[in-house]
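One-letter residues, chain by chain:
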Amino acid sequence: MFPFLIRRFFQAIPTLLLASVLIFFVISLAPGDFLTPARLNPGISEQQLANLSANFGLDRPVYVQYFYWMKNLLQGDFGLSFQYTQPVLPVIWPRIVNSVYLVLLNLVFFYAIAIPIGVYGAVRQNSLGDKSINVVLYFLLGFPSFFLFLIVIYLILQVRNATGWDIPLGGMTSGNYDQLSALGKFWDVLSHLLIPAAVLAITDAAGLTRVIRGLMLEVMRSDYIRTARAKGVSERTAIWKHTFRNAILPIIAGIGGLLPAAISGAGFVEVVYAYPGITPMLLTAITASDLYLIAGFTVISTILLIIGNALSDILLAVVDPRIKVG
Amino acid sequence: MTDHATHKAEVLLAVNGLKTYFNTDDGVVKSVDGVTFHINKGETLAVVGESGSGKSVTSLSIMRLIPMPPGEIAGGEIVFSGTDGNPRDIVKLSEAEMRKIRGNDIAMIFQEPMTSLNPVYTVGDQIAEAVMLHQDKNRKDAMGAATDMLRFVGIPAPEKRVNEYPHQLSGGMRQRVMIAMALSCNPALLIADEPTTALDVTIQAQILDLMRKLQKDIGMSILFITHNLGVVAEMADRVVVMYGGRVVEEGDVVEIFKAPRHPYTMGLLNSIPRPGIDAHVPGTPRKRLEAIPGNVPNPLNLPPGCAFEPRCKFAIPDCSKAVPALEDTGGGHMARCIRWQEFAKADQGVTA
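Heads up: the protein sequence lines correspond to chains R and L, in order. In this text, residue positions in the first sequence follow numbering that gives the first Met the number 0: the first is 0, and each later residue adds one. In this text, residue positions in the second sequence follow numbering that gives the first Met the number 0: the first is 0, and each later residue adds one.
Everything labelled a hint here was simulated from the structure, so no lab data went into it. By construction, the Cβ of each residue, glycine as well, lies at the ideal position given by its N, Cα and C atoms. Hints may be right or wrong, so weigh each one.
[Stated by the list, open to error] In the SDA-like style, the derived pairs of lysine to any residue whose C-alpha atoms are separated by at most 20 Å in a straight line are:
1. 159/L x 321/R
2. 136/L x 124/L
3. 344/L x 320/L
4. 323/R x 120/L
5. 240/R x 71/L
6. 29/L x 50/L
7. 323/R x 168/L
8. 240/R x 121/L
9. 184/R x 165/R
10. 257/L x 327/L
11. 323/R x 164/L
12. 70/R x 299/R
13. 18/L x 85/L
14. 240/R x 120/L
15. 70/R x 25/R
16. 240/R x 217/L
17. 240/R x 99/L
18. 323/R x 118/L
19. 320/L x 341/L
20. 99/L x 233/R
21. 159/L x 142/L
22. 240/R x 273/R
23. 323/R x 169/L
24. 312/L x 296/L
25. 130/R x 312/L
26. 240/R x 164/L
27. 240/R x 142/L
28. 184/R x 273/R
[Unchecked claim] The calculated label-pair distances, taken between Cβ atoms and stated as ranges, are:
29. 172/R x 167/L: 52 to 58 Å
30. 253/R x 86/L: 51 to 57 Å
31. 85/L x 0/R: 35 to 41 Å
[To be verified] Calculated Cβ distances over 10 Å to all of chain R for the following chain L residues:
32. 87
33. 98
34. 102
35. 111
36. 114
37. 118
38. 121
39. 128
40. 203
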């Protein structure tokens with residue numbers, strides 16, 4: 000185990016270096032920079048622009064900017080966000096944490112929905128239930144998510160008006176959040192998260208459901224399931240102990256990818272629900288060419304991806320005796 | 000048939016007119032169409048036939064492991080007398096009652112030892128699972144029983160092997176594990192579906208020796224499914240030859256090899272070299288082995304008469320009129336051929 004981690008660590012160094020070069024230069028390749036809107040503003044003088052440019056380091060060649068960034072990065076400094084004129088990490092960190100709450104709850108729902116439906120679809124293959132659930136899931140998958148969320152918000156509003164229940168419509172906290180107890184705060188955030196996390200999970204579930212159904216069907220046809228039945232095990236044991244355990248191996252192999260996904264935000268749902276996650280901030284940063292904010296965030300994602308991959312390999316070795324870490 | 004099969008005390012399993020059909024998009028596939036045979040206590044019955052003759056479907060029907068749908072047991076009965084000697088019809092049992100029989104009274108081993116064990120559990124776990132299911136033992140005792148079973152089937156260092164995973168064992172070792180699993184609950188009947196087909200010849204001989212030895216120790220009956228006549232001669236007491244989902248010949252193993260009464264059985268026997276009879280005389284051209292021309296008929300579209308008629312060199316117009324009956328040719332030897340008397344006469348002519 001230890002030599003494996005050491006080797007993975009050293010393998011990660013060139014990967015990260017190459018990734019950082021790509022990240023930085025690809026962002027720089029986009030036409031214009033953070034000061035382009037200011038240049039178009041006749042109220043800002045040439046001198047002011049030159050000062051700003053020198054301040055932000057935007058007057059130097061791109062590779063020089065990269066080396067300065069890299070030098071600071073090695074010391075744990077992700078640079079300065081142009082928009083916020085603050086270090087990147089303190090700016091993005093709270094937003095990342097907010098997104099992690101939403102994404103984790105979403106993932107719990109996602110697996111809680113996709114696994115039983117996928118297994119059901121395999122056990123009752125081509126039954127009416129299997130087919131109708133598939134139709135609904137595919138419809139939701141194909142439906143534009145931001146529009147679906149608008150419909151959901153409209154429906155919540157109707158329910159609120161009809162019943163007077165206080166269902167949160169957006170955001171992450173209620174107005175009186177600061178006065179709540181610790182438990183009250185937890186419940187307040189959770190109640191805001193529930194609906195977007197669940198709706199997002201349902202709309203995305205079709206893909207994983209289909210994968211699990213296919214994997215289950217493949218394993219159910221294998222000889223060792225017939226052996227298990229010939230032993231006299233119950234249907235439940237044949238499916239969950241013998242089939243499911245083998246079918247989820249490829250899913251576990253992909254679990255490392257969830258680590259960067261957890262911080263990358265939940266996507267448009269955050270915009271539509273006015274949720275203070277990372278997605279709206281990133282979208283703004285891209286429009287504003289906030290170089291170091293985007294690059295800093297992407298580097299963190301890359302590091303998490305590398306850690307996640309190593310974690311996947313270890314997990315896979317834990318659940319599949321045929322695979323050894325090393 | 001039912002009467003004489005069930006009333007004799009020594010009959011363990013009697014299959015009477017079993018019909019197993021599969022409903023496919025192209026029509027009903029009659030994989031097993033009225034199969035009748037029985038197995039006595041302690042004997043080995045070999046079921047012989049080509050791929051697609053219905054021998055595996057017959058064995059899976061006895062275990063009630065036919066996937067339903069598309070499969071269904073459309074008729075017939077499978078009367079199993081069991082260890083308590085109390086006959087019951089397997090076809091009519093509930094799934095829960097059937098689960099108590101599977102792995103306990105009737106156990107099964109399969110053709111592919113490489114893929115027949117679950118890759119994510121240790122072999123000990125997999126044997127212990129059967130023991131815990133049927134013998135009311137806790138996990139620790141069951142693992143002990145698993146170790147004993149591994150020793151029983153001749154696996155060296157069973158204390159170590161019991162904690163190993165299937166991928167750490169060779170094919171022959173895995174088949175021994177399968178046998179250990181099948182015998183862990185002392186079954187009255189062991190169904191062996193081509194258990195040596197996927198193994199090296201030397202390992203085949205070891206596994207067959209092992210099965211014979213264990214049968215002597217436990218006293219179980221074996222339903223041995225194979226297409227290998229060499230294995231039949233070595234293992235079986237009686238033989239059932241299947242073709243196109245029907246029994247075409249049944250009888251004592253010596254009788255079948257010496258005096259086959261169905262052209263399909265004769266074809267099978269002529270397609271293997273027999274030392275002594277086919278011995279090569281130096282200086283003469285080598286005799287070629289005879290092959291049966293053509294292929295197994297499409298089960299969706301069986302010939303109206305004898306299923307073997309299109310490939311049979313003795314076929315006459317009468318053969319395609321109706322399915323011939325399974326007739327007793329004497330001494331429990333049965334054949335489904337309208338010309339069996341002519342073959343019997345010809346045999347007498349040769350030997351006389």
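Hints, verified against the model:
Only pairs whose Cα atoms come within 20 Å are accepted, and residue 159/L paired with residue 321/R is accepted, the gap being roughly 17 Å. Distance check on the hinted pair: residue 136/L and residue 124/L sit about 13 Å apart at the alpha-carbon level, within 20 Å; holds. This hinted pair does not check out: residue 344/L and residue 320/L have alpha carbons roughly 24 Å apart, beyond 20 Å. At roughly 15 Å between alpha-carbon atoms, residue 323/R and residue 120/L fall within 20 Å of each other, so this suggested pair holds.
Proposed proximity of residue 240/R and residue 71/L is contradicted: the alpha carbons are some 27 Å apart, above 20 Å. With a C-alpha separation of about 14 Å, the suggested pairing of residue 29/L with residue 50/L holds against the 20 Å cut-off. With a CA separation close to 16 Å, the supplied pair residue 323/R and residue 168/L stays within the 20 Å bound. A hinted pair counts as satisfied when its Cα atoms are at most 20 Å apart, and residue 240/R with residue 121/L qualifies at roughly 13 Å.
Distance hint between residue 184/R and residue 165/R is fulfilled; the C-alpha atoms sit about 15 Å from each other, no more than 20 Å. Taken as a hint, the residue 257/L and residue 327/L pair is honoured in the structure, with Cα atoms around 17 Å apart against an allowance of 20 Å. Under the criterion of a C-alpha separation no larger than 20 Å, the hint pairing residue 323/R with residue 164/L is consistent with the structure, at around 13 Å. Our distance criterion of 20 Å between C-alpha atoms is met by residue 70/R and residue 299/R, whose separation comes to about 16 Å.
For the proposed pair residue 18/L and residue 85/L, the alpha carbon gap of about 24 Å is over 20 Å, so the pair is violated. The hinted pair formed by residue 240/R and residue 120/L meets the criterion: a straight-line CA distance of about 10 Å does not exceed 20 Å. This hinted pair checks out: residue 70/R and residue 25/R have alpha carbons roughly 19 Å apart, not beyond 20 Å. Pair hint residue 240/R plus residue 217/L does not hold up; C-alpha atoms about 31 Å apart against a cutoff of 20 Å.
For the given pair, residue 240/R sits about 19 Å from residue 99/L by alpha-carbon distance, which is consistent with the 20 Å threshold. Of the supplied pair hints, the one linking residue 323/R and residue 118/L holds, its CA atoms being roughly 14 Å apart against a limit of 20 Å. Restraint check for residue 320/L and residue 341/L: the C-alpha separation of about 19 Å stays at or below 20 Å, so the hint holds. Between residue 99/L and residue 233/R, the direct Cα distance comes to roughly 10 Å. Compliance with the 20 Å bound is thereby established for this hinted pair.
Restraint check for residue 159/L and residue 142/L: the C-alpha separation of about 12 Å stays at or below 20 Å, so the hint holds. A hinted pair counts as satisfied when its Cα atoms are at most 20 Å apart, and residue 240/R with residue 273/R does not qualify at roughly 43 Å. Among the hinted pairs, residue 323/R with residue 169/L is consistent with the structure: their alpha-carbon atoms are about 19 Å apart, no more than 20 Å. Pair hint residue 312/L plus residue 296/L holds up; C-alpha atoms about 16 Å apart against a cutoff of 20 Å.
With a CA separation close to 52 Å, the supplied pair residue 130/R and residue 312/L exceeds the 20 Å bound. With a C-alpha separation of about 16 Å, the suggested pair residue 240/R and residue 164/L falls inside the 20 Å cut-off, and the hint holds. Distance hint between residue 240/R and residue 142/L is fulfilled; the C-alpha atoms sit about 18 Å from each other, no more than 20 Å. Only pairs whose Cα atoms come within 20 Å are accepted, and residue 184/R paired with residue 273/R is accepted, the gap being roughly 19 Å.
Checked against the hint of 52 to 58 Å, the pair residue 172/R and residue 167/L passes, with Cβ atoms roughly 55 Å apart. At roughly 53 Å, the beta-carbon separation of residue 253/R and residue 86/L lies within the given 51 to 57 Å, and the hint holds. Distance hint check for residue 85/L and residue 0/R: the Cβ-Cβ separation is about 56 Å, which falls outside the suggested range of 35 to 41 Å. With a minimum CB-CB distance of about 16 Å to chain R, residue 87/L clears the 10 Å threshold, and the non-interface call stands.
At the 10 Å boundary, the C-beta of residue 98/L falls inside the reach of chain R, the nearest C-beta of that chain being 5 Å off. Taking the minimum C-beta to C-beta distance to chain R, about 4 Å, the non-interface status of residue 102/L is violated against the 10 Å cut. Its closest Cβ contact with chain R, about 5 Å, brings residue 111/L to no more than 10 Å, contrary to its assignment away from the interface. The beta carbon of residue 114/L is not kept farther than 10 Å from every beta carbon of chain R, the shortest such distance being approximately 4 Å.
Not every CB of chain R lies more than 10 Å from the CB of residue 118/L, the least distance being 6 Å, so the non-interface label is violated. Residue placement check: residue 121/L does not keep its beta carbon more than 10 Å from all beta carbons of chain R (closest about 8 Å). Listed as outside the interface, residue 128/L is inconsistent with that label: its C-beta sits roughly 6 Å from the nearest C-beta of chain R, within the 10 Å cut-off. The Cβ of residue 203/L sits about 19 Å from the closest Cβ of chain R, beyond the 10 Å cut-off, so the non-interface label holds.
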